[in-house]
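What follows is the residue order along each chain.
2 protein chains.
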Amino acid sequence: MSFTPLRNDRLIKALLRQPTDTTPVWIMRQAGRYLPEYREIRKQAGSFLDLCKNKELACEVTLQPLRRFDLDAAILFSDILTIPDAMGLGLYFSEGEGPKFERPLRSQADIEKIGVPDPGESLRYVTDAVTLIRQELDGKVPLIGFSGSPWTLSTYMVEGGSSKDYRFVKGMMYNNPKALHQLLDTLASSVTAYLNAQIEAGAQAVMIFDTWGGVLSPECYRDYSLNYMQQIVSQLKRSHDGQTIPVTLFTKGGAQWIEATADTGCDAIGLDWTINIDEARQRVGNSVALQGNMDPCTLYASPEIITAAVKKIITDFGAHDGHVFNLGHGIHPTVNPDHLAVVVDSVHKYGHQIRQTKI
Amino acid sequence: MSFTPLRNDRLIKALLRQPTDTTPVWIMRQAGRYLPEYREIRKQAGSFLDLCKNKELACEVTLQPLRRFDLDAAILFSDILTIPDAMGLGLYFSEGEGPKFERPLRSQADIEKIGVPDPGESLRYVTDAVTLIRQELDGKVPLIGFSGSPWTLSTYMVEGGSSKDYRFVKGMMYNNPKALHQLLDTLASSVTAYLNAQIEAGAQAVMIFDTWGGVLSPECYRDYSLNYMQQIVSQLKRSHDGQTIPVTLFTKGGAQWIEATADTGCDAIGLDWTINIDEARQRVGNSVALQGNMDPCTLYASPEIITAAVKKIITDFGAHDGHVFNLGHGIHPTVNPDHLAVVVDSVHKYGHQIRQTKI
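Which chain is which? The protein sequence lines are A and B, in order. For the first sequence, the working numbering gives the first residue as 10, with consecutive numbering after it. For the second sequence, the working numbering gives the first residue as 10, with consecutive numbering after it.
Just so you know, these hints were derived from the structure itself, not from any lab. Among these hints, one or two may not hold up.
Same chains, same names: a pair is fine if it fits in one copy or spans any two.
The calculated DSSO-like cross-link candidates involving lysine-lysine, where the alpha carbons are at most 27 Å apart (straight line), are [unchecked claim]:
1) Lys246 - Lys22
2) Lys109 - Lys321
3) Lys261 - Lys173
4) Lys52 - Lys320
Computed from a predicted structure; not experimentally measured.
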C-alpha cells in the first residue's frame, strides 16, 4: 500500500526530539462528545461499539476535529477495550456506567482459556479503519494508533468493568500472581501484535494508555504494568515503510515513576498535570520526549486564562526539542469547542515564539 | 473536665518521633462497614448522618474495632462533611451515590452567604461525642479527632457531591480564584475552630484528610490546598491539658509533594501506597513522622501474604522512631475482619523485632 507523503511532520519530529518550527499539539479524545458533529454521528451509528466497528464512521469522527482545529495529528477513533472484546469477554457499554464485560476473568481457569487474538481476523475492523483514515488524511498530519496497556486492560477484564477499589484484580495480584502474570503476558503479546498490525495498516506513531497504572504501589507498577509495556516496546516495529514509528507511554498518575518509564526505551512519555513539565524534563533529561500536560479542566476557564496556561507550559518546557502539547487526560465532554481552538492556536504561537529566543 | 491518664501512648510518641517499644497501628475507617457489629448499629441508627449525630451510637461504633483488635488508637466516628452541613448546605447521602448537597455553592454570592460555624452550637454533637468516647476509652488508647481539608471540603460544596472531573470547583479556581480563596479561607477558619473544639473536648491527636488534593497541579495544590492546611496547622492548639497534640496531614495522591507538606510544621504526614516508605523517609528526613502505607487491597490476600507485606513496610521504614502503621486509604467494606487482626498483630511483632536490631 502506498500513501501520500506526510506534509506536517511536527509530531513525529517532536516525538523523536528533532527540531520543529513550533510545538505540535493534539488532544486526547479530540474526536469525542464535546463536538456536536461527533454526537450527531454517534446517534446515527447506534451504540458506541457500533461506531468503533464501522470503519467509515470511525474515519469520519477521527477527521472531524481536524476540520475545526489546526491540530498536528489525528488519532484513530477506537476504544482501549477492543482486545478483550476480541478475546470473547463480551464487551458492552451500559449508559452512565461505562464499559462492562459479560464474562470477567476471575480464575486461573478463566485465564487459561483466552489466547492472543489475530489482529487480521477479529480486529480487522480496526486495521481497516486505520488504512481508510490514513488514505483520507492524504498526508495532512500523521495518524496515531493506540492500545490500552496490559495492566489497564487486565483491570477491566478481571473486575468486569470500571472499578473504584480494584478488589478482584488486586486480590489476584496478591494471592495468585502467577495467574495475573499469565494474563498480562497474553495481553502483552496481544498488544504487540495489535499495534504492529496498526503500524502495518498505516499508523505513523503509537501510544500505550496505562490509565490505571497510578493505582499501584511502586513495586507493583514496575512488575505488573511497566514490565509488560517494556516487553511491548522491545517488540514493536519501530520503523515501517522507511519511516521511524515513535512510541509513547502514558501512565495516568505515574509522574513519580517517569525515570523508570524512560528506561523502557520508549520515545516519549505522556504526563498528566500533577507534575510540572520542567521538573519532569529535569528528571528524564533529553532521553525521551514529553507529551502534555495541561489540566483538562483549564478548558472551563476563559480564553485569556487558557492562553496564559498554555504559555506557562510552553515556557516551563523551554526552548528545547521534544515537546508535544496535550492535555494531561482526555478532553471533558462538557467543554466548549471554541476553547480548544484557543489552546491549539496559543500552542503554535508560543511554541514559535520560544524557538525565536533559542540561543 | 478530667480524663483517666493514657496507658498506651505509642501513637502520640510515634507521631512526635519519640521512641516506642513497637510500631503503633490504627486503620483509616477502622470503625466501618467491614464489621458486622457496625452494620448492626448502622441499621438501628437509620441513616449514616443519624449515626454520626447520635453521640451514644457514634461512641459505640468508635469503640467496636478496639474490642476485636489490639489497635493503638481510636478515631472519632464522624464524616468529613460535618462542617458544610453545619454551614447549611443540606447534606444528604443517596444510596450508592455518596454524599450530596441540596444547595451547592456555584457563585461568589453563594460563598458570601456562608460563615464560620460555631463548633459549640451546630457541631456540638461532634464535641459531645468526642468527650463521651474519651470517657469510655478510659485511658486505654488515645482518641484521634479529624476534619476534611478546606480544598477537599470545597470540592464537595461546589460540585454538590462527589465528582469525577471537578468541573465546577476547578472552573471557579481558574475563572474566579478570588471567590474560591474566600471559600477556602472561611473553611480554614472553620476547620481550625472545629479541630480546636475537638481538642478541648478530649481529642489527643488530630488529622486533616485532604482526600482530593491529588487531583491538582503542583501550583494549585500549593495555593489552594496546602496553603490552607498550613494556616490551620499554625493556629491549632498544639498542647492541651499538659499534653502535646500532634497534627497529621494526609493528601491522597500527594506523595510527590511531601517535602512541601513537611514544611507546614505538621508533626506527621499520612502516605498512600504509591510511594515506598523508605523513599518518603529519605525525602523528608527526620522532620516529620510518617503514617502508612499499605495498599488497602492487600487485605484481600491470604494471611501469609499480608504478614509479608507488613514486614516489608516495617523493614523499609527501618529502626527509626516516627512510624505509625496504617493503610494508605480507608479499609474496604468487603474485607474479612480477621485479616485486619493479622495486620495489627504483625505490625506489633515486626515493630518490636526491628527495634531489637537497632544499633
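**Request:** Please flag the earlier hints that this structure goes against, numbers listed from lowest up.
**Result:** The structure breaks hints 2, 4; every other hint is satisfied.
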